[in-house]
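**Q** Chains X, A and E are the protein sequences, given in the same order.
Residue 8 in our numbering sits at position 8 of the first sequence; the count goes up by one each step and never skips.
In our numbering, each residue carries its 1-based index in the second sequence increased by 1000.
In our numbering, each residue carries its 1-based index in the third sequence increased by 2000.
Think of the hints as simulated: they come from the structure by calculation, not from any bench.
Watch out, some of these pointers could steer you wrong.
Here are the simulated PhoX-like cross-link-like pairs (lysine-lysine), alpha carbons at most 25 Å apart as the crow flies [unchecked claim]: (1) E:2054 x X:16; (2) E:2132 x A:1085; (3) X:16 x E:2334; (4) E:2330 x X:16; (5) E:2176 x E:2257; (6) E:2132 x E:2054.
Okay, the calculated bits of chain X under chain A, using three or more residues with CB under 8 Å as the criterion [said to hold, decoys possible]: (7) 23-34; (8) 38-49.
Just so it is clear, the structure is predicted and the values come from calculations on it, not from any experiment.
Quick reminder that beta carbons are idealized off the backbone N, C-alpha and C, glycines included.
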Amino acid sequence: MTTEGDNGNETEGEFKPTGTVAFVAAFVVVLMLMWFSIYIILLSRGATI
Amino acid sequence: MSTPSSEKTKMHIDPTERAWMRAAIVVLVIFAVSVTIAGFMLGIQVPTEEQRVNPQTIQDAPPWSEPGVREIVPGEKYDVYIVSKRFFYEPSTVEVPVGAEVTFYVTSTDVQHGFKIQDTNVNFMAVPGEVSKLTTTFNEAGTYDYICTEYCGLGHAAMFGSVLVTQ
Amino acid sequence: MLTDTTTTPVYELTKSDKKFVGWHILFAVAALTVGALFGPLQALQAAGIDLYPKIDFLFIEINGVNSYYQGLTLHGVLNALIWTTFFITGFTTLVVIRGLKRGLAIPILNRIGFWMMVAGLVTAAIPLLGNKASVLYTFYPPMQADTLFYIGLVLVVVGSWIEGYGFYITLWRWRKDNPDTRTPFIVLAVVINMVMWQIATLGVAAEILGLILPWALGWVDGIDPQLSRTFFWFTGHPLVYFWLLPAYASWYAMLPKQAGGKLFSDTLARLAFWLFLLLSIPLGFHHQFVDPGVPAGWKFIHSLLTFGVGFPSLLTLFTVVASLEYAARKRGGKGLFGWIRALPWGDGSVTAQLLAGILFIFGGIGGVANASYNVNLVLHNTAWVPGHFHLTVASAVTLSFFGISYWMVPHITGKPLWKPKWAVASSWIYFSGMLIFSNAMHTVGLLGAPRRTPLGLAPYVPAEWNGHLFRVAVGGSIMWIGLMLFVTIVAVTAFQRKRLPEGEYIDVPVAESLDDPQQAPVWLDRWKPWLIATVVLIILAYGPQLIDQILGIELTSPGFTN
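Isolated chain X (complex conformation) (with noise of 0.2 Å):
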């Protein structure tokens, strides 16, 4: 299928996403973060039962 000149294919066995895996532990603080201040609102309010 590849007929662009393709040299990316000595990387491609080795590619470990270690950005990527940075990335989305970034995004789960921020997400814990944003998701619990809006949760502590919520506590902050009070019983509505």
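Assemble the complex: chain X is given as a structure, and chains A and E must be docked to it using the hints.
**A** Below, chains A and E alone, put in the same frame as chain X:
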């Protein structure tokens, strides 16, 4: 439909991505557990099915013929009935004491409205044909506006009322 | 410099197919342009700057506040419903043809579907422009619009179904001719989206045909507003996935190619899309957490199912970022985060989609909060909600469609992109405006500001909202400038006289994957089990409540105009 040999169809997943899939599930479970705790242990619940009513005749009989505050246990427990109409609430002010458990029953006699009491968790739809119900406790004296949060017509932006919480 | 310029196309669409796709994009962009006019007006209104009286000549019925809601309805209908649906069906047409390397099986079927959508748009536009359908794009009964509005919507939806049938038959024939080949991922993705849409829109079809039209035509005296809401949200949530999945398809299968890399995992991309088919629909009650007529238990179940559909989105995050990292490393990117700079930020199409993705990270986070059962009490119908969906449909989707347009318009017209550097700028401007706007909307929503309200007129606005409302106005205005730049670029590109130099050709970017698609398990290329599971899950999640609400129907609400 013929298929490639079965060995070839084994799912190949990069080990890092496999780890992420597990982490993603853990994250989602943490949220699910947190809302479960808030809902079923701390009593922060969403409205549930309450009562079907006829929006055209609901105000013919009590309690909706005279909406407002009902004292159940003085200083401790109150019920408040509020009717949403275009473009005001009936009544537009209610008074309850600090620290009492106040249950709001709200319906609409025309279109859909919203009902949100600021700085509390009371926030629901007022749907004609249904009664919405949630409870809250006001721990500080002051004025808490309840505002219409759903478009109900040209006067929507002016539709609000106030809970006066007194010592 | 843009994306992919080759002299020998792998497969080229016929002139007539290109023209057909072009019609979709023309109507889509026209709807976007008109609908977006109202955006800055609404944003400025929130900050107390009321421009409506100054432009009243634009409205047929001249009447102050009337214009706000008429404008808001046009904004929602044209931008959220029309721009998306027309763009998506056009994009899907192109992807199916190019992906399968064959023409549509029954081209006339798709033509009929498309022109039915146009007829629907025109039909709905009559009452919309005449201020006879200012009911917002959710058209909640018993607020009642002119009958033509509903008929127009039905025609748009049925037209999109017919286009869908054209795609299904085309794919089906291809599969018969290629029994041993995996369906190309990109085609699988966009066709799954059309099938999901087909199932999901049964809700709004039931609402309009079963409840609204008999009532609007006066055959029955009343309507059941609660049941209408339940039908509406059966469609309403999957609707957002219908918008989003084509953008995902581009991020998975086109963006890596444009960035100079490959799709990280073809297998997991397929898995994610099947999971979207399975999980997009049976969770509509998460839009009805604060409805009085739905039992809390069912709301809780739908909340858990919504966390479930979070999974394929989180999977998408990893696969897409890994595909981009692979591209960036090949381009010489270094460092834990430094590789991001090595991506081709000079390419307007890539930049638009990268910025769309960045905004969507926050859209996704907000979405998880919305779906979190009782947490919704803090957010429901506050300004947070439009703040949120401007990060999804107006960013992840719309900015990605900007990016797609930046190669697609040159592809279908054979003309070079006008001012490629401005194309890059347009996305950055829109992105900056969106950051300001959405941040302010989320914040003021948490403070209690309602959505769908001309806050400049509201008597209860406390002083602490003012700073945020000012930022809403600033952000909203900047977004509009970015958007108009986009519209100008694609319009000039399409209508200029200049053509691409002889022998030059802008191809559709289709990324290869790092893993061989042939190695994807068979069950990721089979429709039957997934369709059965989808229907079963919908019956389980919706059946009992639908039966309950239908049996308890009370047609007691007469109609009201605004």
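**Q** Each hint should be assessed against the structure and marked as holding or not.
**A** Verification of the supplied hints:
1. At roughly 59 Å between alpha-carbon atoms, residue 2054 (chain E) and residue 16 (chain X) are farther apart than 25 Å, so this suggested pair is violated.
2. Among the hinted pairs, residue 2132 (chain E) with residue 1085 (chain A) is consistent with the structure: their alpha-carbon atoms are about 22 Å apart, no more than 25 Å.
3. At roughly 13 Å between alpha-carbon atoms, residue 16 (chain X) and residue 2334 (chain E) fall within 25 Å of each other, so this suggested pair holds.
4. A threshold of 25 Å between alpha carbons decides the hint, and for residue 2330 (chain E) with residue 16 (chain X) the separation of about 12 Å falls inside it, so the pair holds.
5. For the proposed pair residue 2176 (chain E) and residue 2257 (chain E), the alpha carbon gap of about 29 Å is over 25 Å, so the pair is violated.
6. For the hint linking residue 2132 (chain E) to residue 2054 (chain E), the alpha-carbon distance of about 22 Å falls within 25 Å, and the restraint holds.
7. Evaluation of the coverage hint for the stretch 23-34 of chain X: fulfilled, as 4 residues show C-beta separations to chain A shorter than 8 Å, against a requirement of three.
8. Restraint check on the stretch 38-49 of chain X versus chain A: 8 residues with Cβ-Cβ distances below 8 Å, three needed, restraint holds.
When held up to the earlier numbered hints, the structure conflicts with 1 and 5 and fits the remainder.
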